[in-house]
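Enquirer: Under the numbering used here, the first residue of the sequence shown is numbered 9, with each subsequent residue one higher.
By construction, these hints were calculated from the structure, which means they are not laboratory data.
Honestly, I wouldn't trust all of these hints.
BS3-like cross-link-like pairs, simulated, lysine-lysine; straight-line CA separation at most 27 Å [said to hold, decoys possible]: (1) Lys-23 <-> Lys-51; (2) Lys-101 <-> Lys-44; (3) Lys-101 <-> Lys-23.
Label pairs and their in silico Cβ distance ranges [stated by the list, open to error]: (4) Arg-46 <-> Glu-135: 28 to 36 Å; (5) Asp-83 <-> Ala-139: 27 to 35 Å; (6) Glu-86 <-> Pro-126: 26 to 34 Å; (7) Glu-113 <-> Glu-135: 20 to 28 Å; (8) Arg-69 <-> Leu-26: 24 to 32 Å; (9) Glu-49 <-> Lys-23: 21 to 29 Å; (10) Ala-142 <-> Phe-74: 28 to 36 Å; (11) Gly-134 <-> Leu-93: 14 to 22 Å; (12) Ala-142 <-> Asp-67: 31 to 39 Å; (13) Leu-93 <-> Ser-128: 28 to 36 Å; (14) Lys-51 <-> Ala-143: 30 to 38 Å.
Predicted, not measured: the structure shown is a model, and the values here were computed from it.
Every residue, glycine too, gets a C-beta built ideally from N, C-alpha and C.
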Amino acid sequence: MGTATADRFRAAVEKGDLSALDALFTDDIRLYSPVKFRPFEGKPLVMGLFGVLLRTFEDFRYVGEFAGMAETGTDGVETASAALLFRAVVNGKAIHGVDLLHFDEAGLIKEFTVMVRPQSAVLALGEAVLAGLAADGLVAAPTTPTA
C-alpha cells in the first residue's frame, strides 16, 4: 500500500504536480524539515511548503528508493515507510538528501522527514525556503538587525 503511494508521490514531485501531491497527504500531516526545529503541521502549510520547494530546487531527481517499516516520530508506532534518495541544486549548491515517508492505514502520507547534506547546502536550502515561505505569506518575513 505504501509503495504505491511512494511511487505516486515520486511521480508527482518529478512532474511538479501539486494537486496530485495534495491527494497523497493526510489532513494532519507533519513534515520535519532541516530548515526549522518544529514540524510543518497540517495539509495547508505542507502544501504551501511544497509549492516553495518545487520552485526552489533545480535539477531535482530521485536516485533511489527503499521500502519497509519504521517507527514514526509523532506517535512511536511502526508503520509502512519509504525512503526516497534525491539529488538537486539550490542557489548553486549541490544537495544530496533523503525523503522519509510514513504512511497511515489507508496508505496516505502522515509523516514526512527531509534530511539533507552537506551543511552548506542545508544553509542555502534554509535561506531559499524561508524566503519563499515569507514571500507566499506562510511565515513571518525574516527580520534583519538594525544598527
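Enquirer: Taking each numbered hint in turn, which are not upheld by the structure, reported in ascending numerical order?
Expert: Of the numbered hints, 4, 7, 8, 12, 13, 14 do not hold.
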